[in-house]
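Peer 1: Protein chains in written order, with the working numbering: chain A, 1 to 316; chain B, 317 to 431; chain C, 432 to 977; chain D, 978 to 1232.
Treat the hints with care, since some could be wrong.
[To be verified] When the alpha-carbon atoms are kept at most 30 Å apart in a straight line, the in silico DSBU-like pairs for lysine-lysine are as follows:
1. A:Lys252 / A:Lys301
2. D:Lys1157 / B:Lys412
3. B:Lys427 / A:Lys109
4. D:Lys1072 / B:Lys383
5. C:Lys618 / A:Lys66
6. A:Lys236 / B:Lys427
7. A:Lys252 / B:Lys427
8. A:Lys228 / B:Lys427
9. D:Lys1072 / B:Lys427
Note that these hints are calculated values from the structure, not bench results. Treat the numbers as computed from the prediction; the structure is a model and nothing was measured.
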Amino acid sequence: MDAGPGFWLPRQGSTSAAKVDFLFRAVTNISIFFFVLITVVLFYFVWKYRARPGHTAQPSADHNQKLEITWTVIPLLIVIWIFWEGFAGFLDLQTPPINAYEVQVLGQKWKWLFTYPNGVVDDNLHVPPDEPVRLVMTSQDVIHSLYMPEFRIKRDALPGRYEREWFQATAPGEYQIFCAEYCGTSHSGMIAKVIVHRSRPEFEAWLAEAGNFLDKLPPEKLWEGGQKLYNQRGCKQCHSVDGASGIGPSFKGIWGHQQPLTGGGSALVEENYVRESIVNPQAKIVAGYEPVMPTYQGRLKDKEITAIIAYLKTLE
Amino acid sequence: MSQPAHRQVGHVVPLPVLFGVLGTLLVMTYATVAITYYDFGRLNLWIALGIAVFKASLVLLFFMHLKYDKPFNAMVIIVSMALVMLLIAITLTDTKQYEPNRIPGYAPSIKTNPQ
Amino acid sequence: MRPKDHYLNHGSGFRSWAFTLDHKRIGVMYLVATLGSFLLGGLAALAVRTELISRGPTIMSADTYNKMFTLHGAVMVFLFIIPSIPAALGNFVLPLMLGAKDVAFPRLNLMSFWLWVAGALFCIGAVVTGGVDTGWTFYTPYSTTTNTNVIATTFGVFILGFSSIFTGMNFIVTIHKLRPPGMTWFKMPLFLWALYGTALIQVLATPVLAITLLLLIAERALGVGIFDPALGGDPVLFQHFFWFYSHPAVYIMILPAMGIISDVISIHARKHIFGYRFIALSSIAIAAFGFLVWGHHMFVSGQSGMANAIFSALTFSVAIPSAIKVFNWLATLYKGDIHLTTAMIYALMFIITFGIGGLTGLHLGALAVDVHLHDTYFVVAHFHYVMFGGTVIALLAGIHHWWPKMFGVMIDERLGRIGAALVFVGFNTTFFTQFVMGSHGMPRRYYDYLPQYEIYHRISTLGSYVMAAGFFLTAYYLIHSLFRGKPAPMNPWGGNSLEWHTASPPPYDNFAVTPVAEDPYDYSRLVPDKIAGGYTSQTYEGAGAR
Amino acid sequence: MSHEHQPHLQHHFETPEQQFDAGKLGIWLFLATEILLFGGLFCAYAIYRASHPEVFVYAHQFLDKVLGGTNTVVLLCSSLTMAWAVRASQLGQRKLLIALLSLTLLGGFAFMGIKGIEYKQKWEHGLLPGTHFAPHDEHAAEAAPAPAAPSPTFKPSAAGPAGTVRGDEPAVSASGPHGKRPSNTQIFFGIYFLMTGLHAIHVLIGMGAIGWILVRSIRGDFGPEYFTPVDFVGLYWHLVDLIWIFLFPLLYLIH
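Here chain A stands alone, though its shape is the one from the complex (with noise of 0.2 Å):
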């Protein structure tokens, strides 16, 4: 199989790649040759008929009823098959196997964010090889679209919906990732990786160890993964670190100090109550804010929730 570079397309990365190129090739060896007949016969007439001393037009038929219905039909059949084969090799990259490994993705201006089912977050996206994997995706702001061109696969990732792709790496190495759908200032620096590991547990590991990248950081530097938290699990869409008014109350400078609630009565925030509201966000509800936080119980470990403990206590 023919799966390196070559003058037209990338290496191919996925198992859809090869059925996507054939189609590539066919249309374009279709279009080779009707381009080379067209200008071969172009130049010779150009050539045979130039005008010249003592040459004039001779008279031929100005229409011919079989040739023109020839020149109709036979195009007509080649584009029902060009038809045929993009649509079925569509369906195919449309439609993901039951068991596919699912991966989250958003995209925001300018980057990517990858989820995966164990809550790691990671701006590269990881993947085991030989396995199918579906990508479903959304937006957090503009419209941006997922394209990786190793695996022939390219999907918009909606604000206010869900997307999906998916792909089956064929051999381990890392591909690009663009964002193809224009996207503003750094829509160019949107670009990521996809790391193929080796193997299934190679991958394993990876994603327990990513998983884990709070025990490598020194209790005083507990505040970065609590930063890194905030940045990558959605604290940050709703709750600001700067004072500016959001879906939720800011973080700036509420650490140890009183919280009115809804209902009257207030709170103070500290380490109970702020792991109370991320478990459990709907028991105790900050007066003029609506009642609207989803639950991060078993989604953030208890290790992790410290961190974010540890952040907050920097923002003065």
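Dock chains B, C and D against chain A, hints included.
Peer 2: Just chains B, C and D, lined up with the frame of chain A:
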């Protein structure tokens, strides 16, 4: 109706026709209001649209002289309406298809949206 | 040969042009205006290409780059290509071809031109006061959230839309009502068929663009959320609306180009057009199919699989009438007497470049392949081969073909051929490399790129400089001919459509005697005119002698 | 053919019939563009009505059927007077023409007046499109807090990155005399104001055109030989009526 004697272009619509059309339009308006007090399920919308199409045809044919006009002018209007139908039909089919992908009630910038 | 009183010197001064109702003067004003826009858009393109000559920042910041390609796209599409052939050449030629004195509504025609000017001022004003960075497609929600001058630009495009609608209305009515006695539908020159198809699209598609842009303005100004998901709207709906106009708009651009090619090839090959009816009807077929394929811009943008399949199938149906035209043009050359004038060279060049543009459309129509190629440079190259290799090349063919008629002068054919060669080489160097880097995955609208694409970008940029040189040369000899060109005979190429049966340039009233229409592609009675140059028709001479 | 007896014949037409037919085709093409312009809005309407039926059923209650119905009758009657006016000009009945045009114009004023009342009501109740939507007719609902919406729990199957997924159910709060307000109610008012607003702009343009031909008919410009402007303005006015014929049931009479 005999042709008017003087040189002129265009068709003169008789007054009874004009008033008859207005009468029908008013009756139909009453009907379309009255119909909302009965529940025909999904049919209500189609009945309302049917009445509207009927009323619109009356206006086009008589008030706008299309009945007496060159057929090509009628075709222009029919084609434009057909294109509107095409736009609606295809976008509606498509949005229906991808509706499950959308997050219900998603509108983060609308403050009054109930959560 | 040149008449003493013709439309160019029939009245002088600013007001005689600004308030003229003469279709020929309006056509000339459109020609100047659209070519001016072409210069502006072209300079923006050169800036974009120069920025991309090397990786990283080269001559501008990312934001400036984004505004620059938006400027290039918006100016080229809305200010240049859409009005270029219909409003400039069409306005000049259409009544002449019909043997008529003017278009049906001369005032509307003038209003259309001034609306164009107003729209252009809005767009250019938006650029001067900070620019706009949405790309010419104005996709929501980016266009509803960016803090650049979207409202002014879209309002300008809105006005330009009405300019285009009025031109279209005028042409439809003129072709319906002002055909001379004897000219049945199937005796019209094919350029008129093409303009008719174009006008249908202009009238029937542009209003949808107008409402789309109004909704976009309402979103930004009033916060009405039809398209912006943050307000409960649907961004894919915007794309449906936008492409419902903007795909047919592609045929507004290419159909009149095909019409020019049909006429130029036949006349300069001294040969009756082959398969007249197939070409004529294929124009209308393209206009009709053009309305049914807009979704092929949305194969990966969240459109449902069912809509994708329907649109893909319909897209291929457009390939057929286009293929018919190309084969018929080739057959027209058979046993002809081919004069390689500059106009003819451009027409033949069109078959080659448009051929590549059309054939690569097959890649993009095929769903599975389009998923890979969508929004890459492959698409950029494809539509430049169609829009530039098609429309602009045909516009050049048309300009060279009708230049003697418009201004009564001949151009320097030697410089014309050199210019054509430069444009051809430059164009293919610029855009063929873009096919290759596109299929390698280079996304479009990128300010910066990965190292593996650098070689392609280098070659492409160099090509754009060659092309620019070709255009400056062309501009030089065209302008030069206005002052120093040899006077043109009435019928320099030996055409038999009616515009060649009046003086060059035509008198104010177009025709001294209302001409009688015959088969526009029958050249048998045209013989070279030894004294005046060009060709003369025996019957016409006979009529004059009586 | 001599043109001297036909002052309205432009130089590039051969006969008045040719000129009239050309104008007529032109105006019909223009009306076609108007249909397509509104067509975009009808398309938006159809899509949101299909995807958010509960919003339309809820929100239409805030529109005044009586005022809307009255406006329909007003427009239909003004259409009749306009059609009659065309007839009068064709028959050279100048006084009748002036009277009928004045009546038509009056109809336009009546329509805009009623529309103004309706807009004012919406404005006062904060029933505005998009981000300006701030209903405050539901004091009762706000005083008694709505039953707490079931706390949105994150469902792993809902398939969204952590923290960005809201509750799956289209939640409702703020129950009032009109029932519970569904989410995204602002969309209805966006569509309502866009459709009726664009229509109102067309009514205003039509009134301007009628005013213009009224002045010309007082001047005595029209007669059996030349009534083209009356005919064309009439066609435009009927189109405005025609669009309202659809707007009324679609916006006011939702079941």
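Peer 1: Could you tell me which of the numbered hints above are not met by this structure, giving the numbers in increasing order?
Peer 2: Violated: hint 9 alone.
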